[in-house]
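Asker: With the hints as constraints, model all of the structure from the sequences given.
For the record, in the sequence shown the residue sitting at position 36 is 35 according to numbering that gives the first Met the number 0, with numbers rising by one throughout.
Don't read these hints as lab results, they were simulated from the structure.
Treat the hints with care, as some may be off.
SDA-like mimics (lysine to any residue), calculated; alpha carbons at most 20 Å apart, straight line [to be verified]:
(1) K10 <-> K154
(2) K154 <-> F31
(3) K184 <-> G162
(4) K60 <-> E104
(5) K184 <-> S41
(6) K115 <-> F39
(7) K102 <-> G143
(8) K184 <-> I158
(9) K12 <-> S181
(10) K184 <-> R195
(11) K115 <-> S172
(12) K30 <-> F76
(13) K30 <-> V72
(14) K154 <-> N82
(15) K138 <-> G43
(16) K30 <-> P78
(17) K111 <-> F31
(18) K60 <-> L1
(19) K154 <-> P35
Distance windows between CB atoms, simulated [said to hold, decoys possible]:
(20) A105 <-> R195: 18 to 26 Å
(21) S131 <-> D59: 15 to 23 Å
(22) N118 <-> A28: 40 to 48 Å
(23) L160 <-> A105: 31 to 39 Å
(24) K30 <-> L156: 14 to 22 Å
(25) N106 <-> P78: 53 to 61 Å
(26) S172 <-> G21: 30 to 38 Å
(27) Y95 <-> F120: 15 to 23 Å
(28) A28 <-> I68: 25 to 33 Å
C-beta atoms are modelled at their ideal positions from N, C-alpha and C, and glycine is treated no differently.
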Amino acid sequence: MLLKDESGYTKVKLRPGFHLGGTADLVLADKFSLQPALLFTSKGYTIDKDGGAQYLLGVDKIKFTSYYIELPVNFIFKPQVGNGRMLLGAGPYIAYGLSGRWKAEANGMSVKGKLKFLNDFSSADSSWSENSRTIPYTKPFDFGANILIGYEFSKNLYIHLNGQLGLLDVDMSYNGVSDERSFMKTVQGGLSIGYRF
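Answerer: As structure tokens, this is what we get:
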């Protein structure tokens, strides 16, 4: 996650996640294919007290883990290399946030709770309070771009490194007003191993 608040860029540490799902390989030409996928994905990050976020005063560390349904569609170039094929790809993705969890640590103690995706946070909503373990998170809908590089060992087994950059500001508005001094965008990298049936 790439964050910016009123004080400037917030330092975040990406946390390991996972994705599970299926991918189709639609051949367009000899070395080109289209690969849509449907994935259940977890994404996470940590901000500590040195991260620069103003709202973390009094908190040593806070961890966020969120879960999405994601639909990437990559255009793949697959030249022959050795006994297999190199994979070079790029394309868009859309994602929708389902749920999440958080854990805050301070003075040797920890508190856990849930995340709720919202387009707008209303101060008039009585369901949010200092004692609530469910906190508002980000807008649920995300859109961005993927890139990948990898290798297909056979017609079935493949491995690739991938990167993802969100193009939308998913920072929710407050009482219907967006803060132009802050934004949140998705940034993610990963390693995928797959088998095609």
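Asker: It remains to establish, for every hint, whether it holds in the given structure.
Answerer: Cross-check of the supplied hints:
no.	hint	verdict
1	K10 <-> K154	violated, 41 Å
2	K154 <-> F31	holds, 14 Å
3	K184 <-> G162	holds, 14 Å
4	K60 <-> E104	holds, 5 Å
5	K184 <-> S41	holds, 15 Å
6	K115 <-> F39	holds, 17 Å
7	K102 <-> G143	violated, 27 Å
8	K184 <-> I158	violated, 26 Å
9	K12 <-> S181	holds, 18 Å
10	K184 <-> R195	violated, 32 Å
11	K115 <-> S172	holds, 14 Å
12	K30 <-> F76	holds, 6 Å
13	K30 <-> V72	holds, 17 Å
14	K154 <-> N82	holds, 10 Å
15	K138 <-> G43	holds, 15 Å
16	K30 <-> P78	holds, 6 Å
17	K111 <-> F31	violated, 46 Å
18	K60 <-> L1	holds, 17 Å
19	K154 <-> P35	holds, 17 Å
20	A105 <-> R195: 18 to 26 Å	violated, 47 Å
21	S131 <-> D59: 15 to 23 Å	holds, 21 Å
22	N118 <-> A28: 40 to 48 Å	holds, 41 Å
23	L160 <-> A105: 31 to 39 Å	holds, 36 Å
24	K30 <-> L156: 14 to 22 Å	holds, 19 Å
25	N106 <-> P78: 53 to 61 Å	holds, 56 Å
26	S172 <-> G21: 30 to 38 Å	holds, 35 Å
27	Y95 <-> F120: 15 to 23 Å	holds, 18 Å
28	A28 <-> I68: 25 to 33 Å	holds, 30 Å
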